[in-house]
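Trainee: Residue numbers (the numbering used here), protein chains in the order written: chain W, 15 to 296; chain A, 15 to 296; chain Z, 15 to 296; chain L, 15 to 296; chain E, 15 to 296; chain C, 15 to 296.
A few of these clues could be false.
Since copy identity is lost for identical chains, a pair holds within one copy or between any two.
[Stated by the list, open to error] Taking lysine-lysine pairs in the DSS-like style, the calculated list, with each CA pair at most 25 angstroms apart, reads:
no., residue 1, residue 2
1, K238, K57
2, K238, K147
3, K57, K147
4, K179, K147
5, K238, K179
6, K57, K179
Hints in this document: simulated from the structure, not taken from any laboratory.
This is what each chain is made of:
Number of protein chains: 6
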Amino acid sequence: MILPPAVERLIELAIDEDLGRGDATSDALVDADALGDARIVAKEVLVLSGLDVAARVFERVDARIEATALAQDGTRVARGSSVMRVRGPARGMLGAERTALNFLQRLSGVATLTRHFVDAIAGTRARIADTRKTTPGLRWLEKRAVRDGGGSNHRADLAAGILIKDNHVALCGVLGALERARARGAHSLRVEIEVTRLDQVEAALAGRADVILLDNMPAAEARKAVALVAGRALVEVSGGVRLDNVRELADAGVDIISVGRLTHSAPAVDLSLEFEHEPASG
Amino acid sequence: MILPPAVERLIELAIDEDLGRGDATSDALVDADALGDARIVAKEVLVLSGLDVAARVFERVDARIEATALAQDGTRVARGSSVMRVRGPARGMLGAERTALNFLQRLSGVATLTRHFVDAIAGTRARIADTRKTTPGLRWLEKRAVRDGGGSNHRADLAAGILIKDNHVALCGVLGALERARARGAHSLRVEIEVTRLDQVEAALAGRADVILLDNMPAAEARKAVALVAGRALVEVSGGVRLDNVRELADAGVDIISVGRLTHSAPAVDLSLEFEHEPASG
Amino acid sequence: MILPPAVERLIELAIDEDLGRGDATSDALVDADALGDARIVAKEVLVLSGLDVAARVFERVDARIEATALAQDGTRVARGSSVMRVRGPARGMLGAERTALNFLQRLSGVATLTRHFVDAIAGTRARIADTRKTTPGLRWLEKRAVRDGGGSNHRADLAAGILIKDNHVALCGVLGALERARARGAHSLRVEIEVTRLDQVEAALAGRADVILLDNMPAAEARKAVALVAGRALVEVSGGVRLDNVRELADAGVDIISVGRLTHSAPAVDLSLEFEHEPASG
Amino acid sequence: MILPPAVERLIELAIDEDLGRGDATSDALVDADALGDARIVAKEVLVLSGLDVAARVFERVDARIEATALAQDGTRVARGSSVMRVRGPARGMLGAERTALNFLQRLSGVATLTRHFVDAIAGTRARIADTRKTTPGLRWLEKRAVRDGGGSNHRADLAAGILIKDNHVALCGVLGALERARARGAHSLRVEIEVTRLDQVEAALAGRADVILLDNMPAAEARKAVALVAGRALVEVSGGVRLDNVRELADAGVDIISVGRLTHSAPAVDLSLEFEHEPASG
Amino acid sequence: MILPPAVERLIELAIDEDLGRGDATSDALVDADALGDARIVAKEVLVLSGLDVAARVFERVDARIEATALAQDGTRVARGSSVMRVRGPARGMLGAERTALNFLQRLSGVATLTRHFVDAIAGTRARIADTRKTTPGLRWLEKRAVRDGGGSNHRADLAAGILIKDNHVALCGVLGALERARARGAHSLRVEIEVTRLDQVEAALAGRADVILLDNMPAAEARKAVALVAGRALVEVSGGVRLDNVRELADAGVDIISVGRLTHSAPAVDLSLEFEHEPASG
Amino acid sequence: MILPPAVERLIELAIDEDLGRGDATSDALVDADALGDARIVAKEVLVLSGLDVAARVFERVDARIEATALAQDGTRVARGSSVMRVRGPARGMLGAERTALNFLQRLSGVATLTRHFVDAIAGTRARIADTRKTTPGLRWLEKRAVRDGGGSNHRADLAAGILIKDNHVALCGVLGALERARARGAHSLRVEIEVTRLDQVEAALAGRADVILLDNMPAAEARKAVALVAGRALVEVSGGVRLDNVRELADAGVDIISVGRLTHSAPAVDLSLEFEHEPASG
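All chains, please: the whole structure from these sequences, using the hints.
Mentor: So this is what it looks like as structure tokens:
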């Protein structure tokens, strides 16, 4: 699927919120038959994500606009690179511009930040994964941006993985929770459990957890946990992961490092739509 | 209106993308009749925005959940403050938790960053305004968060203001563009024009612009522009505004300082849902 | 944008409400592969508006139908003129016919009535504007029809202009209301205030209103108000405007005459779909 | 059902198109906790329709608003009558006002015009019926307004009746069309056929039509047709029906008179929201 | 109309529920540019229905997929027959496969079962009709499947026919109900009444019912009812109709036999998507 | 969550398709203020599922209707049992009746059939699971019905599990596919692979599959496979499972038996709405 139905609905919301009542400026100043030829240009080094969404915004605003990617999602491009060419009726191009860029600058921001984390742990066995701390409505797009940045995805939603957290443990205990999860959960899902102390790791192993999540554990502790697990489960670490401490965690031997800020705090990257020359009558 | 229809649709998208196929973990581990009592707690100093959206998420997931705000949007709260109490069926609370927090952490992030900018120019005549560089689908919410942070809103959408940019000027010239905008635009809208050089300010005034936008102009230039305008139009400055240079721009005497990063790059603030005690059967 | 998302949704509602369960008659009588060739013909003199919507209805009902405009929106056409050619599968054409015509007859009705008002004030400085008294769901289309008739648009929605009415004045007084609106409203919006008596005009000017709306004021009064304002604000008149008194108001020197009946009471104009010959098997 | 899903969607479109980005004026001037108490007042004699839709608009804008009908749909009310009381948060009331009134003024306009037609044929056997020439998106509401005015409904949509028109007759002939319709159409539907000449009436009867529609036939012709049919089918007349000729048609003895202008050209009636006193802080 | 708006919405729901978060398997294993060439093959003898919906599913998942019907809805095909060819990007084909087949296997199941009933009464005057006992959301598609199987449709919805049932009779009596229905119902609808005993048939005829529905009446009783009616109304029989008793009912001389199980209990037929060879890079 | 957003949309589609244009019969025969009191009664032994959906249908049609479950989903009830009481405005009850029952009879049909399968393997280690062969739009509801019948769910959608099928194996081989799936898939998902021959089981084990799916394998073969696997992976069997062979498969020692017919071919069970007495004016 190019874009799932929910993304199409989000695009519709986005177009509507900016252009739904028309463009007071361009409607007054730009002739209805004026044509434009423009490029989206990266104003800084960045990793691309969301070119198809940006193109889709232009097309939905006016089906006569041709938006052609000049690079691929997942690519790191230099400052000044043209990443998309956009041609067609100028009013539609100006009307779609902001919405298309808003998608692209945010998603590429996520991909770019992810790449920094991935680069920081190069050569280790760990992978960088996202979390469910995504922007409301943009889950699918942001998780794809993480992959474009070289990261992995954690569960897509609450149905695509079993993750036993402290509240669940409080209810049934570590062993009880693991047993219940294995008995009642879909057999297609791994059973993961969050622990905060090393002694819980033993219990998790006893309960045959598939994945053990070390919550907010410093690298030294994580290293001990990895030794304790000894390959009997996957080991994930999460909480407080930053660019300046991620390498240390990876070196501790964990399998997965999940990072909330990939999606909840990635700064937008800078891109702009630049007309080859001013729009002219067609 | 508490929340406009488009925000309700976004909330629906957000709930669906996380909880639309159910919660594999809680469905397996938490009894259907277990009840919970929890609070949303600020894990850092922050300015609140979006409490009603967070509450709405809980209610839409299960109408029996009561989510009561313990503070008000627009308030700066201390680390450790409880900002919302949430009580009701535990499964629904756990299923809605992430979505509700995703809204709250982002919107409060916008409000918090805005407050920093507003505080930085305290005592000047300028106001901090947002831009249309908002997250797709979250325009209304983010613009409200800017107000919660003490900022002002720029135009709500392309129909709620006339802003003549370089591409428009290239088409018709400064005077031509202004004349056309006044003749064809709705009389309820001010006519604003973007300039990059001081000599264009004169032309803008000659064309009776209501607002003059100084694009990426350093404070010294802005000060000259303000002097030149001498009250005949509002003066706005935009482009490259950061916390470390915003005061200088405000001191130059401009009326409005618009800041893209308020919405496109505000980091999320940290909030969490903490159960008073583990969920228990009702 | 050709048609904004909300108009697409309205078109969907309109097709669904007529054809959503199929066409009991044509399904029984017309062969699935029968083709038709027809024209939409004006049965009276009228100003066109909504040809693209009519075409879109045909296309959404069956993508194989070609609907080609033979005239342009905003044009006054003679009785008997063909304004659109429609060719393709006959069942779809018959099924879409009524919905397409329902749009076209109403929107052209709005454009036609607007043109009468515009013609009535030819040579004066005034412009004819619409109001927010539009048909629910058809706001964008009807406002475009007003432009097709030669009129201007008042604010697109409640966010695209500040209009202080009697209830607002009752709350804060004329000066208070104007000051608050200027301080809190978006700087992209003009501030307009409604007055019912001449003495309020003075207060409005003192409060630096951008536009003064004379509510239900007879032409003689309006003339005095215009003299009083003396170019310091735009002057709008509204309320009880009819074809037989609009010239008098325009001659009073006002800038804008807004007319509710353009959209709330324009009678439909008569158009019909006429087959060149009966649909035949393809 | 109070209001079907499609009407709820239309209400959502209508609220969104006016209030979707907020209310620039009331947001600036009216305190968030100000309360209002107002009535919707008829400014002319009219027949009510759509009170529940108007109330629903207020409720959807702010669930705390109480909108209570003071009269019933289908009632003729005097000028000056209060027809609904509206109380609650003043911002929401002001924000919903125009949308609620836009529904009510149009639907009551349809009911009022229908009542004039119904009154004009009082004492005859005929009933006044609507057509499918309704406002796109408002079909269900306008057909209900016709009933509120005392009229009857023609088929709800293309699936709720078989009506053989000239194009169908051109394809299969009168007898062929009737036979095919009876054989293939749902047995729950009557078979109606449109004729333009008296000789076609004979053929229609021979083909056992359930209803014969006389298209654009003057009263004298209609009378002959009625005599010819002699109770073997229902007789409907349509086309060019006005208040000044409807009695004559009814006196000709027809069973149904269908009138397009009931829905496509009914002028709006005048209603306004009047505050008891200005909104005040709660 | 190829597919009405509500069916498009259902298709969207169906794609979203299977593929809305992506395809974890194919995303990991199939290259993004791999192409596939496959056929949908009937694994048993069946009557086709829904080929266009299946094709639409593929197209909506990826517009580059070509899905071409190799047979027509309404045709009985042999086991092993290819009924559709599907070519294009392999990921999209694999992602759409299940959803497309789910539609096709159910709708063809309805058509196939209908054909069995239709064949069972061949040569009699009766027609097999469906009921309103359809799958929620699939009404239009299932009723079309019944036609594809050679059956007739009962009323499309509650607005497309008047059917007086026991509860209505309990309220107003047979005569009262019939009179009221004729007076208040749309003249485009036949008036049908349900009876359970022969003596009610007389009353129904006295009240001039257009159709008399014999509820759960055995063939012998039905035969008496037909004799009693003697052509003055259509006679329908419903309730407990199975393949082993339908012929007997048809032989009793009734006009319509309506069968709930056509839509509520038709077993799915078996179809599968078979790749010509494994998907390969394009 | 009581019902996820997509189920609410399906309910809306279902109400709209039956009642969207009103109820021609009840509107004519039942007074607007008549009240009813009725029960939904099981007409055969069945396992309940979907009571909340049925109740929601009544409530959405008229919020004044009270629908109270008298039994619980997942319960087997006797013929003649009352399972829901429904009280309120009679028109709404009659208008919602068919839609509510259509949901309940289908979902309870799924639960009932599932229970038969579950009972048939009582005492074995196997669990009965569903497949993705669900009715389009009803996935969530039907999977819940399977749980109500005592079954387990296979993956919720294509994102909630990795299942390598023959086409994937054809592309990369068993080992290659497993390795790629483990490297690229989310770590929250088990990796399952479908095999058709015993020798593939060895390869699957070598590639460290978490689950091995035996496709269309007879019980004797399945038993050998189970022995071969010897607890190193879960073993699932699928294809051609019927009530008369399911025990044999369970006795072979497999962990999961997945059965397509649970959802694609479950016959509806019989339930009806019975009024205590006829609706009466309130």
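Trainee: Confirm or reject each hint.
Mentor: Status of each hint after checking the structure:
1. K238 x K57: The answer is neither: 44 angstroms in one copy and 28 angstroms across copies each exceed 25 angstroms.
2. K238 x K147: For K238 and K147, neither the intra-copy (28 angstroms) nor the inter-copy (46 angstroms) Cα distance is at most 25 angstroms.
3. K57 x K147: Between copies only: 16 angstroms across chains, 27 angstroms inside a chain, cut-off 25 angstroms.
4. K179 x K147: Within one copy only: 15 angstroms inside a chain, 32 angstroms across chains, cut-off 25 angstroms.
5. K238 x K179: within (21 angstroms within a copy, 39 angstroms between copies)
6. K57 x K179: Classified as between; 19 angstroms across copies, 42 angstroms inside a copy.
Hint check: violations occur at hints 1, 2; the rest are consistent with the structure.
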